[in-house]
Each structure stands twice: as structure tokens, then as C-alpha cells.
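Please model the entire structure based on the sequences and the hints provided.
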Amino acid sequence: MGAMNAPTTQTTRTAVSVTGLRKAYGRAVVLDGVDLRIGEGEIRALLGPNGAGKTTTVRILSTLIPADAGTATVLGHDVRRDADAVRRLIGVTGQFSAVDNLLTGEENLLLMGRLLHLPAARRRARAGELLDQFDLAGAARQTPATYSGGMRRRLDIAMTLMGRPRLIFLDEPTTGLDPRSRHLMWQIVRDLAADGVTILLTTQYLEEADQLADSIAVLDHGRIVAEGTPEQLKRRIPGAHIRLRFADTASLAAAARTLPAGTRDDDGLALRVPHEGGVESLRHVLSRLGDGIVVEDLSIHTPDLDDVFFALTGHPSKENDR
Amino acid sequence: MTALTIAAQDSATMLGRELKHTLRYPLILIGSVLGPVVFLLLFVYILGGPIGDGLGSAGRGEPYVDFLIPGILMMTVAAGTGPTAINVNTDMTGGIIDRFRTMAVARGAVLTGHVVANVLRTLGTTAAITGVALLVGFRPHASVAGWLAVAGIVAAFSFALSWLSAAFGLVAKTVAGANSASLVLQFLLPFLSSAFVPAASMPAGVRWFTEHQPFTPVVESLRALLTGAPVGNTAYTALAWCAGIALVGYLWARAAFRRGTR
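Chains as they are written, first to last, in our numbering: chain X, 22 to 343; chain V, 3 to 264.
No lab work stands behind these hints, which were simulated from the structure alone. Treat each hint with caution, since some may be false.
[Stated by the list, open to error] These stretches of chain V come out as covered by chain X in the derived footprint (C-beta under 8 Å, 3 or more residues):
id, region
1, 23 to 34
2, 91 to 99
3, 139 to 151
4, 207 to 215
Cβ atoms here follow ideal geometry from the backbone N, Cα and C, with glycine treated the same way.
Below, the structure is given as C-alpha cells:
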């Protein structure tokens, strides 16, 4: 990780390359032609509601299930023809923590080490390292039955990391976690990325994708409906505005006359004025209002990914379960 | 390392894992002994008198306990199918089998681990049951070779039923479902065999089934070996059934394992 690293540009090597991926269960089409390219060292979020096809994509890329059509290569190996080569390079942490509940935390890690055919000394060293890193050293000799949800998830990720994978699939890594554990998990993801690991993360939390990902692919009904950096996606919808709230209808009416570009919200006694961003635009709006009209409250609304999702798919992200 | 040594190493790792489970939570193992002990005591002290009298010459004049114990040993073998189906199902539904499947681990090593662990557990539980049987008056007349043959048939039968119950565990959606499927092996087939009464004493339809189902040659060959009677071809019939069941169970389990959780 020295200064010699090539800058992340178009020249980065491809970690995941997917074309025309399709999968159906009976008549239910889960993936309807997914194309995806992820560069090495990138954090890519696959964002979508339940049932969009996120987990199915991860299961195909991690060699668990075959696709009906399309090709997928991971770190240069075809997931179908060369599955074992793929398995040697990847790590997977699924939505439900796949730990052995009857073994202790440490034994779980050592089991992974054995299955990776690490020599005994390396197994112990690596397990100890990960227990420290994930703040599990104190619970190393307890079974996961005594762990909190966050601890189980951390053990799960630690198991995934025993073999130092170059690409990690994280399928909804924070679903069901409390806010503190979620932020801890985010830090873990950032640390992994800092080590140069490529990460494909699925999430239904727009904020999570925004926080972590270099770029986001929005998945809806088995298709990728948009792709880009969080900033690029946000720019795709003109939604930035200033919301002004007034004490009474008279003030609202006066303000609406002064600012004809605004949209009235009579129930909320509020006016929504388009806002291009920047202090000048804000100053302009306030100076137009002058001293005569009293503004009770002012808020600046920048579009979040919920707005993006609505703009891209025509329906909100939450009411989309199948 | 060759593929074969990797497969052996991974299977040994999985066997170690399963044996660790067994030793750490011995309740299941105790259950696999207690069940057959209850049947043993029930048949020896409560039902055995009238059954033994009723059998008359069909019981070959031996005390009923000597007729019974081979059947109890067979039930003990079958009792291992419940825990095996449950353990495999727990791995499957708990997601750890999916974890193994995303690793470059020899295919099916986890199943081999479960199967071999169950065979070892079964050798232990049948030995314990034999001890209890001796305490309640079982008097075997087997030679050393005979005892070895008994152990061999127990191991072969356990191996066959383990693969079948591993398949049950893989295809069942829940732990309860996996256990229910194994009840056919644990109770139905032993009772519809010549484990407790000879086939000759049964009504015609049941008798035909009893004479042609795999549990009967297994218990007949165990009985012949333990009582020192001529074994004839029953042992070969029993082993052929074991091979057949093991093959079907293995192929079924392998297909279910590859299919995974959808």
C-alpha cells in the first residue's frame, strides 16, 4: 500500500464482470439481464428493496447457485467452470450469520483455518489477530449463543477474513443491527477497503450505500436501473429546495407572491422554493422576502437516495416487496 | 496435495468438528442410549414374559432376552438417524453449509464428517447397550470372529442409514421435519421386522413385508451371530441391503447438497 499504487482510474483491473445474468424460479423472474463491472479495490453497493435480486446476484457470484443465462467472472475466473478457483479468492458474509453455534468464537475461526489448510501456527496467529481486531478477544472462549447480534456479525466477518480474501461479498451486513453496531460495521468495511480488498455490498439502506460505496448500482425487479457514484445519482434528480415555514396563511400568501417559483403547501403553511445550492442563492431568496414577511422556520433539502430511487423507478423503495 | 488427500483432510476436519459437538453436548448421545434401554427394559421385564411364552418353538427354546437383544441393537443403530438428520439440517438451515460451499472445501466433506461421526457414536451406543443387555441376563454365544462380524454389520448398517438420514436432513425445511422423516427408520421399520417377534408369527400381508424389508436380514444375521446359530446367507443379504441403502442415501444427499438452499 505504498505511494506506488496506481490511481483508481479506468485502468484498474476488473474484479467482477457480469453480463446478461438471468435467473428465474419457476415463473418468477429474479434476475432479468444484469450487467455489472467492478474494479479491483472498489466498494460497490448493490442497492434495492427486498426481492430486487440482490441476494440472488451474490449467491451466483459466490458460486452457490448457477445462473440460467449470462456469464460471470470473478477475479478472472468463471464462476461456473472454475468455481474452486473463485472460492479460493472470495469471502462471503450472508444476511444470516453463518457461524457454528456449538463451537466457541475462537474454535469457529480455527475451523476456518483448518478448512483453508493453514499450518497450525498460522491458524492460531491469524485467529488471535482477528479476535483482537474485531473486539472479540474477551468472548473468544464463549459460544455465539452468548453473543449480541453485532458480535455474531463480527465473528461472521472474522471467519470470512481468515483466508485473507481479495474480494468480499457482504449481503446486507447491517440488517437487524442496532445503530452502534451498524456504525462499527461501517468502520470495518472502510478498513477492509483501505487494505485494498474489493467489496460488493448489498443493502436496502440508501444511507448505507451513500456512506460506504464508491459507486452504486440500483437494482429493481432484477434489472440494474441506474449506476454511478452517489453524487452522480443525486444529480440525476432536480430536487434541491429551500423549505420556508410561516406562522399564518397571510405570511405564506405574501411570500408566495414574492417568490412565484415556489410551490405552496397550505396544510403545512410552507413554501418550497427551488434551490441551486450555494450561499448566494439562499441570500437571494431571503433578500426577496425582506423584513416584512416573518419566516418561522427554514430548512435546506438536498436530495437523498430515496428521492433518486423514486425518480428512477417510479415507485418508492419501501413499498416494493414483490 | 492431491484432490484425494484434500478430501480426506477436509473430511477429517469436519469429523473433528462433529465429534466436538457430540462431546460438548452429550445429551443427544445419552438420548440415543436411553431410548433403546427403555425398550429393552420394557420388553424384558413387562412384555417379554407373555411374548416369550407365546413364541414357544418359534423362539427356538431360547430365553426371550436372547431373541430380543439383537433387535434392540438394531434399534440402537436406527436411533442414530434422528440426531444425524437433525445435525445436518441445523447446518443446512443455519447457513454454515452455505459458508462451506463458498470455500474451496472438498465437496461433501461436511456430510462425510456427519456420517462417520454417527457411525462412531453408534459403535459406542451399541457397546453400551450390549453392556446393559449382559446385566439383564443376555447370554450370547458368539465367537471372537462372531463379535467382529456383529460390529461390522452394526457399522455397515449405521453407515447406510447415516447417508439416508443425511439426505433427510438436507431436504427437510425444518429440524422438526428432518426428525420426523427419521422416525420411519427409528420405529416403523424395526417394529415391522423380526426384531421383537419372528416373521412367521405375523399376519400374512405384514409377514410378506417383514420378510422382504432390509431390517429383517440385519436383525436375523445379528441374532444368528450372537446366539452362535448358523448364519447362512442372511449376513450377505444384510450387507447387500446396506450397500444399496448407502448408495441411494449418498447419491440423494450429494444431489441435495449440490442444489443447496435454492
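Are there hints from earlier that the structure breaks, and if so, what are their numbers? Hint check: 3, 4 fail, others pass.
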